[in-house]
Amino acid sequence: MIEVNNLKKIFFDKKRGEVKAVNGINLHCRKGEIFGLLGPNGAGKTTTLRILATMLKPTVGEVSVNGYDVIKEAHQVRASIGFLSGETGLYDRFTPKETILFFGRINNLPDEEIRMRMDEIFEILDMKSFQEVRVDKLSTGMKQKLSIARALIHNPPILIFDEPTVGLDVITARVVLNYIKEFKNRGKCIIFSTHQMQEAERLCDRIAIIHKGEILAKGSLEELQQRFQEKELEEIFFKLIRVETGVRP
Amino acid sequence: MNWKNVRLIYLKEMQGAIRDRRTMITTILVPLIFYPLLFLSIGYFSVIGERNSESQSSLISIVGAENAPELVNLLEQDKDINIVPTEENRVKELIEGDIHLIIRVPESVETDYSEDNRKDPPSIIIEYDSTAQHSLVAKKRVLALIESYRKGIVQMRLKKIGLGHDFIKPFQEQSMDLAPEDKKAGFILGLILPYLIIILIFVGAMHSAVDITAGEKERGTLATLLVSQLNRLEIVLGKYFTVMTISAVSMFLGLIGLSIAFLLPAYIFGEVSVMGVHYSPSLFFLFFLILIPLVGLASALLILIGIFARNTKEASTYITPLYMSAIFLAMISLNQGVELAKPLFLVPILNNSFVFKELLLGTVNGTHILGTVISNMVVAFLALRAAAGMFQKESVLFRS
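Chains as they are written, first to last, in the working numbering: chain A, 1 to 249; chain B, 1 to 400.
Chain B on its own, in the form it takes in the complex (with noise of 0.2 Å):
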């Protein structure tokens, strides 16, 4: 085998590749343009939906409302909620969004507790839709003013028997969250990262893997190829090379775009500061160890499924099962609580995203590194043998 045919088809491949507009498209602006703005735009509507319910009245039904008068005082004099006039149909209303929350008040609410002999006190019933985003804004507000209201009651109560407060809360509890900031910032970004740089990593080297492969067995140029002094691994490599450069260029841009969206005014994750993420140089080293040999993986198997298709539509209906099972891998990763089992490490995809989730956390893990390099490795091996050995096979390339 002569490395200079290798480098011949690469380049060759690349300028093909560069002057592809499609390519251009997959692998350039989708990272670096695309899914930050996607990402970016996303955050920014639900932060202006969430906003747009908030500055709005909750309108609020109640029934009952002479059993608790003390109540309706409280939601009177909130400014952010509007007792509406009860009607009959006010399940109907509720659903139709005419009116956000209903209040069933029963009767002897606000009873005397020495006159209250019942075994459990009774229910305020509050009836909300769970799929509106007004509804649940008004039942925050009202919970918050039935705990006011609860308090006021239990006061009284105690103050007749001359008690305090303190006599049912003889003390109170305090959380701190002691998570350094880039950990807790590693965290979120570790549930969301992995899976979309895998993703990437495969989308990207998708569209020039079946062109230069099934693309080209049918436009009758791999004949051409197959009667030059190149010899058939030459030319599978020099392929190869050329989808682990596109796909690597892909992922990085898309880790560029990523970190863009995730550094702009944080629509997304409102508390946390991604920024206080700390990208050492050797996190990044760490990254890339575990995430080219994936690249390596990924454009071994889309050139493998690219040489055994008969043309390019027949190559893209084989790689949607790979590209499903990728995103599958990958998505377990999005689980907070999910840990791999040992053995798991070993299995590829679902071991780059689960190591890069701990690299975002801060754990550096040698055995997991490693495991997940060696694995992604000996899988992307087989596949490109494979793909050699079908470049050999009469009855692959001249199938129709």
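Bound-form chain A, shown alone (with noise of 0.2 Å):
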């Protein structure tokens, strides 16, 4: 459902010059599966999961999501998306309902099927009591579960969640972590970036671990583990790091 193949982003910074934030990664993920994009800050993952969303072009290679080419087909590829980043804030001056039936309309749905769908949304993530507070009022956990139904409001078939448990308390990141699992089981492809090993452990199917815009491996966690002859996800990053820079860390 998305294919990547040597996607290159090159960013040109005053100060820094030329930047390359993804230099030349492929990976692909299919139907019912959770993919990991695991890596510290200023991997590359963000770049990453904006240019399979269609918010940034790639520079170079050839990127598709359910089929369709992020650039010459954005529009049908945004259809096809949901996404989710600590980014992707909410209105204050609206209703969870209100919310979910502007992105409803503006993700072409007819009212009625908006109405149908936010109802069974809220059902399966327990929003109901909270339907009608302003955004402004809610709590982070309420506001995450928000952000979420956003994301899910016009059934797309591809999921892709930027880092979703920035900033939440241990309670609601496992809220949260636990329907992303639910979402894979309803068949829904996932792509998913953190810098938690733990979560990346839990959640992903396989994984991909991402540093200064390199994938430096990638697989699943069982295959990771044999290929590096540790049983923790950390030690495994920690040993590729080091393959990569030289350093200790």
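Since the hints were derived computationally from the structure, they do not count as laboratory data. Mixed in with the good hints there might be a few duds.
[Said to hold, decoys possible] Below 20 Å or equal to it, Euclidean Cα-Cα: the simulated DMTMM-like pairs (lysine to aspartate or glutamate) are: (1) Lys15(A) / Glu394(B); (2) Lys4(B) / Glu33(A); (3) Lys140(B) / Asp78(B).
[Claimed, not checked] Ranges between beta-carbon positions, derived for each pair: (4) Asn311(B) / Gly167(A): 11 to 21 Å; (5) Glu18(A) / Leu344(B): 22 to 32 Å; (6) Asn311(B) / Pro40(A): 20 to 30 Å; (7) His195(A) / Asn2(B): 32 to 42 Å; (8) Lys72(A) / Lys342(B): 43 to 53 Å; (9) Glu18(A) / Ile256(B): 33 to 43 Å; (10) Gln15(B) / His195(A): 32 to 42 Å; (11) Ser395(B) / Met116(A): 36 to 46 Å; (12) Ile18(B) / Gly167(A): 28 to 38 Å; (13) Asp136(A) / Asn2(B): 42 to 52 Å; (14) Asn2(B) / Lys57(A): 20 to 30 Å.
[Unchecked claim] Taking beta-carbon pairs under 10 Å as the criterion, some of the chain B residues facing chain A (in silico): (15) Leu11; (16) Arg19; (17) Ile42; (18) Ser395; (19) Val396.
Just so you know, these numbers come straight off a predicted model, no measurement behind them. Backbone N, C-alpha and C fix where the C-beta goes; we use that ideal spot for every residue, glycine too.
Using the supplied hints, reconstruct the complex from the two chains, each of which is provided in its own coordinate frame.
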């Protein structure tokens, strides 16, 4: 469902000059699978996901999402994805119901269908009790549930989650992760970025370890454990970084 | 591009703006309540201040009183004037406000003309403080008395040689202002109204424009729109029409608010009844014809800045020079004598204020109106195109 071939994204920065945020990565992600991008801050995770979501254009490489090209068929790509990141905020002066109605409409759904799906999603995410409360009065956990509902309203086959648990308390983070698992069981293709090893271990079917814009290793947790002879993902990660940088972390 | 999507964005932004207390304050309260109150109170306090000064006696010190007993007599008879004993340091007292005016009378003011063989007539010197209202009132009173004192002496001299007052005043002049009442009122309104309305067009829309552009970037809500099925031009246009609506509402309420202020018992424009302005529907149509393109221009520039800025703080900083330029251009029309040369009628804001002024004076100049509308629309279009272009740029949307 997601195909990325030799993806490069090069920015020009006045101070740093040419910055290779993503430098030739390849990955694919299937239906009913959670694919994890694991890496530290600045590794290129967000840039990759933004390219998948058509917010940024690749400098080099081919990227297709649900069979559509992210440059030539951006509109169809956007219809196929639900995007959620720490950055995708909500409108403070709207209630969850109004928020979902708006996002349903801009995703070309008829009102009747929006109401039906909203009812279903609010039920699944246990949001009914606060559906009429303005967003600025909601707790962080409630807001994150609403963000998920917003990403799901048009029933996209692909979900892109960019560090969805950043800034959340442990309880809310756990709830969010459980929902992500639930979406996988419902047949969604999920690509998910994190810098937390435990999250990746717990959730991902396959993991790509990304550092300085390059994928250093990828495979299922078992495959990585076997290949690097380490049990903990954290150890594998540091082993790879050490090889890459030559510096003992 | 799908206009249904533009409408969705527009309705969403409008709903947000209506629920935002800050927008309500700048768009509704300021033009409808604060503006009229401000002008009424400025007018009220200046009238009260003037009345206070005029109700008090003027304290006057005379140096050389013995040289002009007749003048002293006139001054003493005036109930609004109080002659205070002369002290050594009169100037200091005048500056400190203890006395309001000093008259210095030279010798032989009242000397018989036949005995007067000086080339230049003697000068009565009046010392006052132009920064003190009391002193100005005293000066007005004293000058009136000195005038009648002078007339007295002239009359006496003429009488001595057997001539009447008409000898030195063969005729009188009388001026009559034939300007129609509405033109007089229009002139006064024309000086100040364009300036105030132009400011309102900018101020009313500023907060919302920043909030729905740079504010969305800051809160991270912009990304949610970018990954939806809207295209970027639809987003920009939806936001643009929102800012235009808010700016137009602010301008319209400003016109109402200022009309209320000007129509209330005229504290501001004393003698001229502003009610004399004849607002015909066609005049209103022309007002809107020249102001709506300005609303369009202001909104496009504000949106452009808002999209470019990283956050609301940066946007506010960038808007300040724009706002100051608008004030500067609008202020030029505050000067009575300035007439615009033809090419200057193509400068937006400047032309709006001048054409608005012309309309208030009853002049309808088709070329000026057309030039104003077209120049505003062209610049608005360019600014909007730049805004839409910027909305496509990753470096602008995702810079941090």
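Out of the numbered hints, which ones does the structure contradict? Hint check: 2, 5, 9, 13, 17, 19 fail, others pass.
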